[in-house]
Every structure is written in structure tokens, then in C-alpha cells.
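Those protein sequences? They're chains D and P, same order as listed. Take the first sequence: its letters are residues 80 to 295, numbered as in the working numbering. Take the second sequence: its letters are residues 80 to 295, numbered as in the working numbering.
One or more hints might be untrue.
No copy is singled out in the list; a pair is fine if it fits within one copy or between any two copies.
[Said to hold, decoys possible] Derived EDC-like pairs: lysine to aspartate or glutamate, alpha-carbon spacing no greater than 20 Å straight-line:
no.: 1; residue 1: LYS118; residue 2: GLU263
no.: 2; residue 1: LYS162; residue 2: GLU259
no.: 3; residue 1: LYS118; residue 2: GLU269
no.: 4; residue 1: LYS118; residue 2: ASP87
no.: 5; residue 1: LYS162; residue 2: ASP101
no.: 6; residue 1: LYS234; residue 2: ASP130
no.: 7; residue 1: LYS118; residue 2: ASP130
no.: 8; residue 1: LYS162; residue 2: ASP275
no.: 9; residue 1: LYS118; residue 2: GLU259
no.: 10; residue 1: LYS234; residue 2: GLU102
no.: 11; residue 1: LYS234; residue 2: ASP101
no.: 12; residue 1: LYS118; residue 2: ASP101
no.: 13; residue 1: LYS234; residue 2: ASP275
Calculated from the structure, these hints are not laboratory results. Note that the coordinates shown come from a computational prediction; the quantities given were computed from them, not determined experimentally.
Number of protein chains: 2
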Amino acid sequence: MKRQHISDAVIRRLPRYYRYLDELHAKGVVRISSNSLGKRMGITASQIRQDLSCFGEFGQQGYGYNITALRAEVGHILGVDEKHRLIVVGAGHLGHALLQNFDFVSSGFRLDTAFDVSPALIGSTINGVLIRGINELEDYCAAVHPAVAVLTVPKAVAQETAARLISLGVRGIWNFTNMELTVESGIFVEDVHFADSLLTLSYRISAAPQLEKESS
Amino acid sequence: MKRQHISDAVIRRLPRYYRYLDELHAKGVVRISSNSLGKRMGITASQIRQDLSCFGEFGQQGYGYNITALRAEVGHILGVDEKHRLIVVGAGHLGHALLQNFDFVSSGFRLDTAFDVSPALIGSTINGVLIRGINELEDYCAAVHPAVAVLTVPKAVAQETAARLISLGVRGIWNFTNMELTVESGIFVEDVHFADSLLTLSYRISAAPQLEKESS
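For reference, chain D alone in the conformation it holds in the complex:
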């Protein structure tokens, strides 16, 4: 398949496509039109057709998209079938919550182990995942070569921990530390910004009564 340059905006939308297609697939829906998919996702049908055309031809005029095929292909594009190895660094409350509740497997990752500095946690398991001491990180990475690290350490040690992970061959960091990390090119950082989402909610509840007042 010929892969063209894909814009950042399209890449950002792909996980949402995957999520919606995955839900439809789980419900046993067989096909969907770009119109119906657009309505569910709150984007236009033409946007959908344009986005998905970057990756080849999935839809058929008058039939719509075959959900099983499209889900598999979007998943493939996202690398869900690559089973990248992943570690969690920091098993405090946030790390614990992710280990307990987040489905790493259905996002295409293999979660091996977690690391922490706390003697109270080292050697215990959360949801079947062993917590190792952070001093085991070097040996572990040399043996297993994890591609991605979930960074859930305190802000104060975020940058040094990221640098250490990168020096050990980690290529992607899922960053929950609220610190802007400085990394070399070829390393990918995906920041989780809780505030962006809460501010969107703030906007909606602030704007709602105001719009009512304005239209009255």
C-alpha cells in the first residue's frame, strides 16, 4: 500500500475512528455509510472520506464501509497488530490506576512489568503485573528492549527518567507527568494533558447559559 505524507490532524483522528469502528464491530454491525459514521463522530462525511482516502480505498459507493475490514486496516495503520513491548515507570496512584484498569492489549501493546522506587511496592503485583525496583531498569531493558514507557513518575524526576529510558533504547514515551520533556529527534513523546479536556468542559458549561441569555 502506498503511504503518503499524513497530516498531524489526520493522525489525531485515526484513534477516534478506531474506537468508533471497534464499538460498532463489538455490536456486530457489518457496514456503515460515511454519513452515519460522521454523525456519530461529529465530523462531516466528506471529512471522513478524505481522511480514509489517505490510506487507500475502503468504501464502496452505495454500500458504505465494511466495518470488519476498515477496523482491521485502521488498526494496522495504527500499529495495533505490532504488539510493541511497554513498561510502566512509576507505580504510584496514577500508575496503579492504569495498571489496574487500562487495557493495554487492545491498544496493541504487550505490558511486561512496571518499575518503582518504593520498597513497599517492589516485588508486589498489580493486576498480575510485577513491580520491579527502578535499579533493575538497565538489565531489564538490555534483555527485553521495550519500545514504549508509560511515564508516571513525579514531575521533579520526569526529565532525568525520560533521558535514562531513551538511553536504554525506549523510542516512545506516554507522558503523564505534566512536564514538557526535551528529547532527541526520532523519539516520540505523547503528552496526556488532562487540563485540555477539563477546559473544554469548562467552556461548554460556561457558554451554555450565556448563549441562552444572548438569544433571549
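Model the placement of chain P on the given structure of chain D, informed by the hints.
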């Protein structure tokens, strides 16, 4: 100020504008051109000018944007100065992590209290915030009228807890439960989808070596 219909895509970008402007403001930067801001944010200068023009005129030709003024205005649009009251419902690991680390104040919310069912937690404080028993919810809401609830309860009780909160006057739900909530119109739910962010990272580390191979 006349407020026009604002598209969902613009609303989604506003918190990012606010975050970047807030960082620049904290660093003492006084003004910035749409070009420089665009480069930092990874969007085009014309997109920025178009987005911000929805809310009035902020930029000056040849001068750029005054960061203090623009940050204040974007914050105002987002409702950051409204100090909506917020409660956290569910003080397990994720709720605990948010109570401990998330800066609700700088997102414009007043965090009063949290609720949980666990006798071990009720009566304790996290970061100065009191955890109350969930059976106090009705009396508390009747007295204090919180506008927003952070929903960090187990998936199995997500929908019923949301319905209970809405019946008590809560208008916005920041939903961490990974459940699609059904709510009446006029109620706003902002879902936090961790997987979307991780899948973006999966795409990047999967695509990187592939693109190298293709270009070689």
C-alpha cells in the same frame, strides 16, 4: 462581544491555545506572532488567525499578539474565571492521583470535596480535600450546588452515578470511567480517552521505521 457559532474543532483547540499562552506568559514573553505560535503548536499561522478571529480582534498587523491580553481573553472564553464548583466522585487510585496532582484551580474550578464508598477513605483528606461518604451526596449538592463532577468510579456504577449526579443539579461530567454515558440534553460529558493518546504514539513508533524502509 458578539459570539458566533463556534465549531467543535475550534473549541477543541482553545485549551491548547490557553496552555501555550499560559506557558509563554509564565516565562515572561510579552508578544508573539501567529507564525511563531503556529510553529510551537504545529498548526498554520492562518489557522490561528482564523480560529482567534471567531472571538474578536486580538492581533495587530506587524506586532503579533499581546500574550497577557490574549491569554486572559482565551481564559475568559473558556470560563476559567468563573470558578465553577467541582466535586470528585470516586477516590480510588485515579481519583487519588487527580486530587494529589491535578491543578483544578488553574483550570478555573473550585474543588470542594470528594466522595467515596470506602469506609477506609471516608473522613480522610487527600491534598487537603476531605473525602465524604457517598450517602452525603444529596445533602451536599442541595447546599453547595456543584456544577461539575469528576467521575472516577468503577465502570459498573458509572451510569447510575452519573444519573444521580445529574438529578442533583450537576451540569458537567468529566468522565474517566471509559463508559459511554447516556445523558439528557443540556448536560455536558467530557470523556477522557486514554487509548486515543496511546494509539497516536503507537502510530508514530510503528510508522517511523516503516517510512525509513520505504524511502530507502
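Using 20 Å as the alpha-carbon threshold, which applies to LYS234 and ASP101: within, between, both, or neither?
-> Close across copies (18 Å), not inside one copy (34 Å); limit 20 Å.
LYS118 and ASP130: within-copy, between-copy, both or neither at 20 Å Cα | The answer is within: 15 Å in one copy meets 20 Å, while 23 Å across copies does not.
Check LYS118 against GLU263 for me: Cα-Cα at most 20 Å, and say if that holds within a copy, between copies, both or neither.
-> between (40 Å within a copy, 18 Å between copies)
Should LYS234 paired with ASP130 be assigned to within, between, both, or neither, using CA atoms and 20 Å as the limit?
-> neither (36 Å within a copy, 32 Å between copies)
20 Å Cα cut-off: does LYS118 pair with ASP87 within a copy, between copies, both or neither?
-> between (22 Å within a copy, 13 Å between copies)
Go through the copies and call it for LYS162 and ASP275: within, between, both or neither, with a Cα cutoff of 20 Å.
-> between (29 Å within a copy, 16 Å between copies)
Indicate which option fits the pair LYS162, GLU259 if close means a Cα-Cα distance not exceeding 20 Å: within, between, both or neither.
-> For LYS162 and GLU259, the Cα distance exceeds 20 Å both inside one copy (27 Å) and across copies (26 Å).
How would you label the pair LYS118, GLU269 (within, between, both, or neither) given a Cα cut-off of 20 Å?
-> between (28 Å within a copy, 18 Å between copies)
How do LYS118 and ASP101 come out at 20 Å by Cα distance, when the copy is not named: within, between, both, or neither?
-> within (16 Å within a copy, 34 Å between copies)
Please work out whether the CA atoms of LYS234 and ASP275 approach to 20 Å or closer within one copy, between two copies, in both situations, or in neither?
-> within (18 Å within a copy, 23 Å between copies)
State whether the alpha carbon distance between LYS234 and GLU102 is at most 20 Å within one copy, between copies, both, or neither.
-> Answer is between: at 16 Å across copies they meet the 20 Å cutoff, but 35 Å inside does not.
Taking 20 Å as the upper bound on the Cα-Cα distance, should LYS118 and GLU259 be classified as within, between, both, or neither?
-> Between copies, since 16 Å is at most 20 Å while 35 Å is not.
Of the hints listed earlier, those the structure fails to meet are numbers 2 and 6, in rising order.
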